[in-house]
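Take a look at the letters that make up each chain.
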Amino acid sequence: MDPLSTLWETFFDWDSMREALPEMLTVGLPNTLILAVSAALLGSVLGMLLAIAGISRTRWLRWPARVYTDVFRGLPAAATILLIGVGLAPLGMQVWGPNPYPLGVLALSLIAAAYIGEIFRSGIQSVEAAQLEGARALGFSWGEAMRLVIVPQGVRRVLPAWVNQLIALIKDSSLVYFLGLVASQRELFRIGQDYAATTGNESALLLAGLFYLALTVPLTHAVNWIDRRLRQGRSVAVAPDDADDAGLALAGETGLPTTGRRDPR
Amino acid sequence: MSTTATTATSVSLAVRDVHLAFGAHQVLRGADLDVARGGTTCVIGPSGSGKSTLLRTINRLIEPDRGDVLLDGRSVLRDDPDALRQRIGMVFQQFNLFPHMTVLRNITLALRKLKKLSEDEAVQVARAQLELVGLAAKADARPAHLSGGQQQRVAIARALALRPQVMLFDEATSALDPELVKGVLAVMADLSAAGMTMVVVTHEMGFAREVADTVAFIDRGVVLEAGEPAAVFETPEHPRLRRFLSQVL
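Quick mapping for you: the protein sequence lines, in order, are chains W and Y. FYI, my numbering numbers position 182 of the first sequence as 182, with every residue one higher than the one before it. FYI, my numbering numbers position 51 of the second sequence as 51, with every residue one higher than the one before it.
It is possible that some hints are incorrect.
To be verified - Chain Y regions said to be covered by chain W (calculated; three or more residues, Cβ under 8 Å):
1) 187 to 198
2) 216 to 223
To be verified - Restraint ranges, calculated between C-beta atoms of paired labels, are given here:
3) W60/W with G48/Y: 53 to 63 Å
4) W60/W with A193/Y: 51 to 61 Å
5) T220/W with D65/Y: 45 to 55 Å
What the hints assert, rightly or not - Short derived list, chain W residues pointing at chain Y, Cβ under 8 Å:
6) G134
7) A137
8) L138
9) G139
10) S141
11) G143
12) E144
13) L148
14) N224
15) D227
16) R229
17) R231
The hints are simulated quantities; they were obtained by calculation from the structure and are not laboratory data. C-beta: ideal position from N, C-alpha, C; glycine also.
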């Protein structure tokens with residue numbers, strides 16, 4: 001057989017793909033989504049706590065948040081997943097039995113929290129101090145002002161970075177295969193790999209790759225779309241129609257204070 | 001445009017010997033200020049003189065190092081600052097509206113969360129307040145889609161919706177294009193005429209002359225001269241006030 005058709009069959013053996021497809025759809029895809037989405041949710045909650053702790057005036061909150069972030073951002077994801085998945089297995093055994101799946105979610109969440117915490121923190125810190133002062137002047141406590149006024153604005157500004165983190169999570173969810181999942185818990189990568197091992201070609205793995213791309217590429221474009229929207233605001237720029245008051249303010253929806261001048265673009 | 005309906009029972013305000021330092025920088029060095037019940041005091045002075053800082057010690061956005069702030073003769077320094085600020089409305093140079101909320105929501109937020117009004121009640125109060133500043137039609141717009149003058153009127157409506165006993169204005173028209181200043185000053189003049197106790201930090205000498213019953217000149221953290229506008233503007237005594245007036249008038 002000539003090398004080109006060997007190469008072709010290694011990657012594009014339709015029969016291997018067809019064989020793997022049903023399990024990819026019914027087992028792999030749901031598991032990848034469950035792992036990524038639940039880690040994104042838990043990671044975002046933890047990340048918000050880290051962000052708030054990170055900007056706290058109390059060093060006993062700021063410091064642990066800093067150390068946590070450094071450690072979990074600094075370790076390779078594979079190492080963290082193994083350390084938590086294997087290291088906490090005895091503990092997990094007592095809580096939910098011999099199931100590595102929750103520990104996989106936990107490990108992914110803890111990693112994601114470190115990144116998402118930094119994303120949220122930078123967003124929150126980018127909100128002008130005047131916003132906090134405005135809220136405090138109305139009588140809101142610091143906590144209320146953060147929750148109702150500052151955090152919602154800060155999070156909006158970093159939505160693109162947050163979605164990027166979701167993309168990273170979808171990819172990193174493949175790493176939980178280290179933890180030895182049972183057949184029904186396998187995610188896309190593991191199923192692709194298993195079929196690749198039995199069929200002797202990489203086509204099933206390529207199919208798994210296509211599934212990942214089908215998830216991540218639209219998200220990448222969603223990031224760009226959100227980013228553009230946040231930058232430009234909604235397409236309508238309403239001209240004030242009051243006769244007494246004919247100025248224009250074009251700050252878009254990015255929360256920048258406007259003094260009635262046009263922003264340079 | 002009348003703002004009469006917004007006035008709650010007004011109080012007198014006194015600032016006594018307030019000192020404040022930011023590190024080594026002494027910003028206020030014994031500032032005094034008096035506003036009669038329902039009166040309007042305009043605070044004028046060069047930039048960096050401590051005008052805005054003085055204003056922020058009144059509602060305790062900044063806590064003074066020394067001195068006292070009295071409402072109707074009673075010190076507010078031991079009150080809960082958050083509760084105090086619900087009694088003292090404040091309007092800022094940069095409006096400080098919440099850009100991620102509609103105009104209406106900007107006003108209803110504190111009504112719902114702090115005054116515990118129901119959604120319907122809050123909306124009703126907010127719409128009435130917007131009506132008074134001539135912006136009822138903008139209730140559903142985002143602040144960024146309003147002109148600076150309109151944003152500032154929304155900010156005034158937002159403060160008034162909480163029925164404050166005192167209103168503080170921190171250079172409320174300084175960030176506005178010249179043609180937008182008049183509308184905002186008109187709202188402030190109406191409010192003053194309606195009997196709101198007000199402290200107005202301003203560079204608008206015409207407004208100070210016509211609307212204020214007291215003008216206070218502050219320089220280097222001390223109120224050097226205070227009195228009726230005619231006296232302050234026509235027969236200034238302190239040399240630094242004379243120099244200041246010769247520069248701005």
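>> Of all the hints numbered above, which does this structure not satisfy? Sort the numbers upward.
In response: 1, 2, 3, 11, 14, 15, 16, 17
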